[in-house]
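Peer 1: Could you put together the complete structure from these sequences and hints?
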Amino acid sequence: MNSAVENVITHTIEGLNQELRQISVQIHDNPELGNREFKAHELLTNYLEKQGFRVQREAAGLKTAFIAQYTNGPGRRVGFCSEYDALPGVGHGCGHNLIAISGIACAMAMKALLEKNLIQGTVVLFGTPAEESTSGKIDMVAHGDIQKNVDVAMMLHPFANDCLYALMLALDHVVVEFFGKASHAGMAPWNGINALDALMQGWNNMSMLRQQTLTTNRLHGIILEGGKSANVIPDYASAKFYARSVTKTQLAELKVKLEHCFQAAAQATGCQVKMTWSQNGLVEDVFTNDAIIMEYKKYMQEEGVEFPSRADEEKTTTGSTDMGNISYVVPSIHPGFAINTTAANHTIEFTKAAATPEAHEYTLRAARCLAKTAASVYLDDALYQQAVADFKKGKPQ
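For the sequence shown, my numbering gives the first residue as 645, with consecutive numbering after it.
Treat the hints as calculated values from the structure; they're not laboratory data. Nothing here was measured: the structure is a model prediction, and the numbers come from that model. Glycine included, C-beta positions come from ideal geometry on N, C-alpha and C. Take these hints with a grain of salt, some might be off.
What the hints assert, rightly or not - Simulated pairs of lysine to aspartate or glutamate, EDC-like, Cα-Cα distance not exceeding 16 Å: (1) K942 with D1024; (2) K1039 with E958; (3) K884 with E903; (4) K760 with D841; (5) K683 with D673; (6) K683 with E658; (7) K707 with E686; (8) K694 with D673.
Unchecked claim - Ranges between beta-carbon positions, derived for each pair: (9) P732 with Q666: 22 to 30 Å; (10) R680 with Q700: 13 to 21 Å; (11) M852 with Q764: 33 to 41 Å; (12) S873 with Q791: 37 to 45 Å; (13) Q945 with Q911: 54 to 62 Å; (14) E693 with I867: 39 to 47 Å; (15) T715 with D1024: 14 to 22 Å; (16) G659 with T1000: 17 to 25 Å.
Peer 2: See the structure below:
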């Protein structure tokens, strides 16, 4: 990459330092749950409009989604993603305030290059709500907003460690409902059909299934309703479960086994069972594009960051992200960056870490490297062609 391009990226992001810090802190200190990120949505879209982006609000029919674009004409189209939803009871325990500003930093750096005609094409910033709940990127993919607007997509995610290939699992969730028959629990329990017993038996079946499934699979859940009175045989019980696997093919197999757990419990107790999987469809595993991620790795190493081997990284199972759904429609990367904490995501400790000046500086460092990676995609025909070839090969399932 030529020095002029690198200098523009570096100076643009450095020049935005204070503005990005203010945006990050404002989002962090005003946590909003998925699909209710109205303050963050207004803050981000207003800022992008003032910076000269063409902004489409309520993208894909989602009240807090947006698409911001800037172009200088025909050419490659690179997209970035910003997230800004928080977690109930934890706030920004996944650092989405940092993801929000990393997307802005990269988009602004590309806009500066486009304005100077150092690259040709279009930059797009996708505002993607509800990553922690209803997975807004699924809607945006289904609506065609991603694949119609960009050729490549990228985003960053804060963790305790820098990573390139840590496993992001395919995920689906199911609400399980058991229907039985109420009866007096002391006077005539034999006349009842205990829906809670059915739920607990299904739960135990699931727990035993864990022993007979892949170590990379995950099954976990909560009880939603277990009855209204201890003196009445519950005629209704429900729970919500998540199922996760390394690939969507493995997840399909796991889901069938999980359904069998609850069907068997229903048969054993005489209850009826209803299972309702996510209406939006599953969150897909992340299909990391090898050519693009190696470009990002190069720039991070130039900043002094070292990564474990890919084999070691792939031994680490993290969580799930709807960026996986984007990664199956356009070549994509979703690297993680450290923010100077040992805390795990989704904890109060990580929430505190995501607000620190150190986390901000690490975010801007990663954003510089991601912006340089994007610039390479615009400028390097061989890199882009290899990225497309890697994408077309598909991910082993």
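Peer 1: Broken hints, numbered, in rising order?
Peer 2: 4, 6, 8, 11, 12
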